[in-house]
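Go ahead and model the full structure; you've got the sequences and the hints to work with.
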Amino acid sequence: MNTDMNQTAAAIEINGLSYAYGRAEAVHDFNLTVPTGRCYGLFGRNGAGKTTAMKCLLNLLRPRGGTVRVLGLDPARQEVQVKRRLAYVPDAVAFYPWMTVRETLDYLASFRAHWNLEVERDLLGRFRLEARQTTGALSKGQRTQVALIAAICPEPELLLLDEPTSGLDPIVRREFIETVIGAYQEGDPGQRTILVSTHLIAEFEGLIDEFTLMDRGRNVLTLGADQARERYQKIRARFPQAAPAIQFKDALDIRRNGRELELIANGGGAAILEQLRRLGPESLTSEALTLEEVFVATLK
Amino acid sequence: MTVKITTMLLQINFKSGTPVYLQVVDQVKAAAAAGGLRAGEPLPSIRPLAEELRLNRNTVAKAYTELESQGVIETIPGKGCFLKPNQSPLRKEVRRKLLIEEIDQAVVKAHHLQVPAGEFLELVRERLEVMDEKRRASERGSGQAQA
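Just so you know, the protein sequences line up as chains A and B, in that order. Those letters in the first sequence? Residues 1 to 300, per my numbering, in order. Those letters in the second sequence? Residues 1 to 147, per my numbering, in order.
To be clear, the hints were calculated from the coordinates, so they are not data collected in a lab. A few of these clues could be false.
Derived lysine to aspartate or glutamate pairs resembling DMTMM-like cross-links, with alpha carbons at most 20 Å apart [as the list claims (entries may be wrong)]:
1) LYS109/B - GLU120/A
2) LYS134/B - GLU155/A
3) LYS15/B - GLU155/A
4) LYS15/B - GLU287/A
5) LYS83/A - GLU155/A
DEER-style ranges, computed between Cβ atoms [unchecked claim]:
6) SER110/A - THR75/B: 37 to 43 Å
7) GLN191/A - LEU123/B: 44 to 50 Å
8) HIS112/B - GLY22/A: 56 to 62 Å
9) GLU68/B - ALA245/A: 50 to 56 Å
Virtual Cβ for every residue (Gly too), placed ideally from N, Cα, C.
Take a look at the structure:
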């Protein structure tokens, strides 16, 4: 772990957050700490409470219980100060369809104290966006690109992205999210924080350095991405005879099929491998789980 | 996900269980050992490399910091990162000790994979030759490029 990063204050601090839509509880006793400078993933299925939690950070929803701090401030009491210092891209972006890309960006820039025109020009060029085109004529992917450009040009300290790539075709979405994140992080290295909520985890595999897995409104797992890939291992063994029916500590999802045995180690992978080795397998392999596989294994 | 840096190839494998920044560190060192990257040659700057590999900037920055602290690369302000001549700042005993740790791991692995000592030593010799051959090939390649 990078110790100098750990010592800086958290960009987001959520403690015991609860929120309900009528009687339906969406977020329950939820905790989240996002250290400054991280690219942080909030992972969960649709309906897990990710968007609700994010809206509480923006004071778009008033929590039923718990505390929320954004950049050290309380968004319910210091809403304007908080919003000045962050940018939020909701899952469905809407623009005035008759405005051109140029007019839209100028309009959005008019709400901001600062706007980096160089970043704007660079990204418009890279995404081949036509400034004279009306936003109504853009594809969904292009509208998302415009929204992301508008989010990073003010160079906020915190960037909140709610499902930025869902609903886009796979080719389009693979190409731009790393460009936006790269451009955003470049400005003030190590100081700008990103919180991205998504259920499309594979696309963010290398971009995320820490994540929280949310399910049914709760924090199920918080880990560094590298730590997760180190801790969760898929182990496969094939034996000369039927696979032994033994128990393993720290193993999830054990499957036996004739001579083969497959399991997922949740920590303690080395001990399990040693245990299996002593049983004389014909072959024995292990590989790390991807973040998406960690997500699936944990929620199973 | 493969990126060409000069003549060096970087490839990140999320299933290896090795921290991503260490994969970058190891591969830059491997490329330097194999002659794919030579002393004085520039490494790509952080942002394009991060984008190419679809990594976040922190990871690449951490890898470069690590390479710099190991004396593999140096940062020249305003110019970027460059591969340093192969001169470890560490004393000989320290260098040997670091290598012994790695060798011990390979020895343990050989034991568990039932590779006997003689075969293990033969493999080491073979790998040293492979590395030598790569270095010679990249020297020939650059000679032609200059000619």
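Structure-based check of each hint:
1. LYS109/B - GLU120/A: Distance ~52 Å between LYS109/B and GLU120/A Cα, so the pair is violated.
2. LYS134/B - GLU155/A: Status violated; Cα separation ~45 Å.
3. LYS15/B - GLU155/A: Since the Cα atoms of LYS15/B and GLU155/A sit roughly 34 Å apart, the hinted pair is violated (cutoff 20 Å).
4. LYS15/B - GLU287/A: Satisfied, since the Cα-Cα distance of roughly 5 Å is no more than 20 Å.
5. LYS83/A - GLU155/A: Holds, at about 12 Å.
6. SER110/A - THR75/B: 37 to 43 Å: holds, 40 Å
7. GLN191/A - LEU123/B: 44 to 50 Å: holds, 47 Å
8. HIS112/B - GLY22/A: 56 to 62 Å: Given about 59 Å between the Cβ atoms, the range holds.
9. GLU68/B - ALA245/A: 50 to 56 Å: Since the Cβ atoms of GLU68/B and ALA245/A sit about 52 Å apart, the hinted range of 50 to 56 Å holds.
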